[in-house]
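Visitor: Going line by line, the protein sequences match chains A and B. So the mapping is simple: my numbering equals the position in the first sequence, first residue as 1, plus 7. So the mapping is simple: my numbering equals the position in the second sequence, first residue as 1, plus 17.
Honestly, the hints are just simulated from the structure, not real lab data. The reader is advised that the hints may include incorrect statements.
Lysine to aspartate or glutamate pairs mimicking EDC-like chemistry, simulated, CA-CA at most 16 Å apart [claimed, not checked]:
#, chain 1, residue 1, chain 2, residue 2
1, A, Lys-73, A, Asp-40
2, A, Lys-16, B, Asp-206
3, A, Lys-74, A, Glu-91
4, B, Lys-252, B, Asp-79
5, A, Lys-182, B, Asp-131
6, A, Lys-216, A, Glu-192
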Amino acid sequence: METKGIVFKGNAEGLVIVIPEDYAYEDILQEIDNKVSKASRFFKGAKIKVTYRGYQLTPSQEQEVKKVLDEKSGAIIESFTREEVKTPTFQENNRVKTIRNFFSTSSDEGNCKFIRNTVRNGTRIDFNGHVVVLGDVNPGAEIIATGNVVVLGTLRGMVHAGARGDKDAFIYALKLLPTQIRIAEAIARMPEEDIADDGLVRPEMATAKDGRIIVEQF
Amino acid sequence: MGEVIVITSGKGGVGKTTTTANIGTGLAVHGKKVVLIDTDIGLRNLDVVMGLENRIVYDLVDVVEGTCRLKQALIKDKRFDGLYLLPAAQTRDKNSVSPEQMMWLCDELRKEFDYILIDCPAGIEQGFKNAIAGADRAIVITTPEVSAVRDADRIIGLLESQEIRNPRLLINRVRPDMVKRGDMMSMEDIVDILAIKMIGVVPDDENIIISTNRGEPAVIDNKSLAGQAYRNITKRVMGEDVPLLDLNVSDGFLSKMKKLFGFKSA
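Full structure from sequences and hints, please.
Guide: In structure tokens:
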């Protein structure tokens with residue numbers, strides 16, 4: 008019966024209480040009281056927003072539940088409201104966004120390594136995060152990063168961005184003439200025909216889309 | 018105190034030994050006291066190029082193992098007074114010498130000589146580590162071939178990691194006609210990739226093969242264009258500012274006339 012009862016869930020903003028529709032109001036109050044009291048050590052001192060879904064409480068009932076939460080959990084309950092139901096697509100987008108921010112796995116943030124010289128043949132740079140090279144990456148050099156790779160110079164070697172599977176990772180270079188580039192599981196190499204290096208700086212960015220690498224001027 | 022310069026390339030056959038012989042001889046022409054060390058143990062060649070093969074009694078391994086004194090192993094050149102060769106052992110391998118022993122050797126020679134030139138073996142293993150151990154400066158040799166430039170790039174990276182900063186680049190066996198046709202990498206292309214300063218360009222010259230086989234460095238041959246290039250490089254090693262050699266002198270009579278009258282040569 009426990010599993011069918013009231014369920015507490017954590018999400019990006021705080022806590023969600025799922026209340027079965029067929030519950031009686033007195034039972035709801037009782038069960039929340041029990042559960043929160045048992046877990047009071049867990050909640051103690053936390054500042055949380057609580058929403059609920061399922062059973063429709065009246066405004067006065069909401070006040071009563073908030074009071075129970077406040078008193079029994081030891082946490083500071085910032086608000087207690089019914090979860091807003093949004094259109095599915097919007098909700099989906101929003102969810103992805105909030106989870107990113109919450110765990111800070113955004114592919115635009117995180118650890119970064121700066122390399123202030125030319126990365127030469129035989130050098131391998133393995134880094135958990137983003138890599139910025141202030142210089143060239145020569146043929147035979149390898150840069151493997153879990154995040155993005157930016158080369159402020161000519162990229163002639165091999166670069167693997169998003170090496171742990173981040174498909175949103177990108178590779179950027181002032182001159183993109185690599186032996187090979189990889190983003191997550193996608194691999195691309197230069198066309199066989201010689202691309203004339205006319206000496207002009209033409210910054211380009213490589214991203215992955217549907218398992219293929221796309222290079223665009225940027 | 019003398020200066021220790023290692024001549025290295027990574028790739029084999031690009032002209033390390035020839036360059037060592039020519040710069041060394043060039044420096045001796047200018048009255049410097051010079052010693053050339055062949056560190057290519059097991060595959061020694063510098064003695065042959067210098068024409069001193071038949072004078073070898075003791076070698077580098079004998080010196081570091083204490084079989085003989087350092088002075089006993091130094092072979093005096095036949096032509097120039099201040100020029101000596103310390104040959105490699107032919108019947109041993111690269112592991113017979115350690116980087117510490119090379120550092121000791123270089124420090125000993127520094128007291129006596131103005132320049133100590135080290136002829137490095139090809140590759141990046143023990144022999145390379147030995148050769149660069151005692152060096153203050155480095156000259157990296159490449160030819161205008163993609164594979165040689167790749168290896169030079171690797172070598173420059175390894176030199177930098179060993180705190181041998183600012184190595185200089187020597188581009189060997191350049192053929193101006195092929196560069197002009199776009200069939201050979203130009204000096205600019207190579208410098209663009211390797212991103213280090215150049216010390217000189219040596220044209221592809223058959224006189225080099227002739228002189229190497231004879232055991233007489235081309236640098237003393239006034240008719241050879243490559244010899245001229247090495248004479249200029251020698252001056253740059255000594256710190257003089259010499260402009261780069263114009264390699265286009267092999268043009269025919271007609272194009273010289275055209276140039277004279279202001280026509281653009283084809």
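Visitor: Please go over all the hints and tell whether each is borne out by the structure.
Guide: Hints, one by one, checked against the model:
Only pairs whose Cα atoms come within 16 Å are accepted, and Lys-73 of chain A paired with Asp-40 of chain A is accepted, the gap being roughly 11 Å. In summary, the hint linking Lys-16 of chain A to Asp-206 of chain B is not supported, as the alpha carbons are separated by about 62 Å, beyond the 16 Å threshold. Between Lys-74 of chain A and Glu-91 of chain A, the direct Cα distance comes to roughly 21 Å. Violation of the 16 Å bound is thereby established for this hinted pair. About 33 Å separates the Cα atoms of Lys-252 of chain B and Asp-79 of chain B, which puts this hinted pair outside 16 Å; it is violated.
The suggested pairing of Lys-182 of chain A with Asp-131 of chain B is violated, with an alpha-carbon distance near 44 Å, which exceeds 16 Å. For the hint linking Lys-216 of chain A to Glu-192 of chain A, the alpha-carbon distance of about 11 Å falls within 16 Å, and the restraint holds.
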